[in-house]
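*Asks:* Chain residues, written in single-letter form:
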Amino acid sequence: MAIGVQTDVGLARDLLAGEPGAFDRFVETFRPKIFQYTYLMCGHREDAEEVAQETLLKVFEKLDQLREPQHMKAWVFRIARNACYMKRRKSAYAPTQELSLDELMPAFRQEGNERKLEIADWSSLPDDQAINSQFKKLLRRSIEELPEIYRSVVLLRDMEELSTLETAEVLDITGDTVKTRLHRARLAIRQSLDKQMRANGGDS
Amino acid sequence: MKVSECKQIFEMLSEYLDKELSDDICQDIDSHIAGCPPCVEFVESLKKSMHLCRSCKSMDEPAPLGAAARDDLYAAYKKAVEERKKAQA
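These protein sequences, in sequence, are chains A and B. 0 is the number of the first residue of the first sequence in numbering that gives the first Met the number 0; add one for each residue after it. 0 is the number of the first residue of the second sequence in numbering that gives the first Met the number 0; add one for each residue after it.
Only chain A is shown next, with the shape it has when bound in the complex (with noise of 0.2 Å):
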């Protein structure tokens, strides 16, 4: 192996092809990303261990279909989400919601000759680092109040970072319904941090 972090397909390769140290570097990197994917679609930790468990032995067990070791992450992803499904299905039945546009924008209003969006104040927010607990919580929440199609979504392009075409092939839907969901999905997390900073007088 080569010095540095090594690549997905390179880990691929070397779970395939049975290498010493293959499996647990396997599990330590993706055990966390399953979990961090079903402890968002599922809502609950006990819930989201068990569906994370699963997943991973299904990965194993499927492990010879894992036929492009290049998009490894899609397909390891793939089961996670098949688990997911497969336990939302034991449970209670959500039904399927659509998110507006409209109702995602956000509004203007006229103050003399000037036209203002009536956002909370963006501009004092830390960039990356420093972002604290208590702003998690609110991202969270907004996260969990997306209904699971845009949840889904956001997820995997904008938590796992797989591409438009990726998000396409884990979810069985088009590329440009993963555009459409993804960029709703923004909006409503948007509104909802704008919704919460306003309602905490702007100061996270």
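Think of the hints as simulated: they come from the structure by calculation, not from any bench. Here the structure is a predicted model, which means the values were calculated and not measured. Worth double-checking, as some hints may not be accurate.
Using 27 Å as the maximum straight-line C-alpha spacing, the simulated DSSO-like pairs for lysine-lysine come out as follows [said to hold, decoys possible]: (1) B:47 with B:18; (2) A:32 with A:61; (3) B:85 with A:57; (4) B:85 with A:115.
Sample of chain A residues lacking proximity to chain B, with all beta carbon distances greater than 10 Å (derived) [stated by the list, open to error]: (5) 6; (6) 30; (7) 44; (8) 51; (9) 69; (10) 78; (11) 85; (12) 87; (13) 97; (14) 111; (15) 112; (16) 122; (17) 167; (18) 168; (19) 199.
Computed, partial: chain B to chain A, Cβ under 7 Å [as the list claims (entries may be wrong)]: (20) 1; (21) 2; (22) 21; (23) 45; (24) 47; (25) 51; (26) 52; (27) 53; (28) 72; (29) 75; (30) 79.
Idealized CB from N, CA, C, for every residue including glycine.
For this one, chain A is given, so just place chain B on it according to the hints.
*Replies:* This is chain B only, laid out in the frame that chain A set:
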């Protein structure tokens, strides 16, 4: 600027930020945004919100993997590798 123009732009913002639009549409959007403070503000809020999602990709950690759970996984892995080797032999 008309509100309808801003709203048209808001509808395309994800594709714009993901660089999935053609150059000429991007240029149109750039030139609108440059002269429109509400759009600047909205784009900024959306970008920050997206950035937050990215930076929280491991906000929850699973409980440590128990020995029994690891054994189950390892057994499944070993079996798959052996079967694969047999098939290739």
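*Asks:* The structure should be examined with respect to each hint, and the outcome stated for every one.
*Replies:* Consistency of the hints with the structure:
1. B:47 with B:18: Distance of about 17 Å is within 27 Å: holds.
2. A:32 with A:61: holds, 19 Å
3. B:85 with A:57: At roughly 20 Å apart (the allowed maximum being 27 Å), residue 57 (chain A) and residue 85 (chain B) satisfy the hint.
4. B:85 with A:115: At roughly 69 Å apart (the allowed maximum being 27 Å), residue 115 (chain A) and residue 85 (chain B) break the hint.
5. 6: holds, 18 Å
6. 30: violated, 6 Å
7. 44: violated, 8 Å
8. 51: violated, 6 Å
9. 69: Nearest chain B Cβ is 18 Å from residue 69 (chain A), so the label holds.
10. 78: holds, 13 Å
11. 85: Given a closest Cβ separation of 18 Å, the condition holds.
12. 87: Non-interface label stands for residue 87 (chain A): nearest chain B Cβ at 19 Å, farther than 10 Å.
13. 97: holds, 16 Å
14. 111: holds, 14 Å
15. 112: With a cut-off of 10 Å, residue 112 (chain A) remains clear of chain B, as the shortest Cβ separation is near 12 Å.
16. 122: violated, 7 Å
17. 167: holds, 13 Å
18. 168: Nearest chain B Cβ is 17 Å from residue 168 (chain A), so the label holds.
19. 199: Answer for residue 199 (chain A): holds, closest chain B Cβ roughly 15 Å.
20. 1: violated, 10 Å
21. 2: holds, 5 Å
22. 21: violated, 14 Å
23. 45: holds, 5 Å
24. 47: holds, 5 Å
25. 51: Constraint on residue 51 (chain B) satisfied, holds at 6 Å.
26. 52: Hint on residue 52 (chain B): holds, closest Cβ of chain A at ~4 Å, below 7 Å.
27. 53: holds, 6 Å
28. 72: With Cβ-Cβ at 5 Å, under 7 Å, it holds.
29. 75: Check passed: Cβ of residue 75 (chain B) comes within 4 Å of chain A, closer than 7 Å.
30. 79: holds, 4 Å
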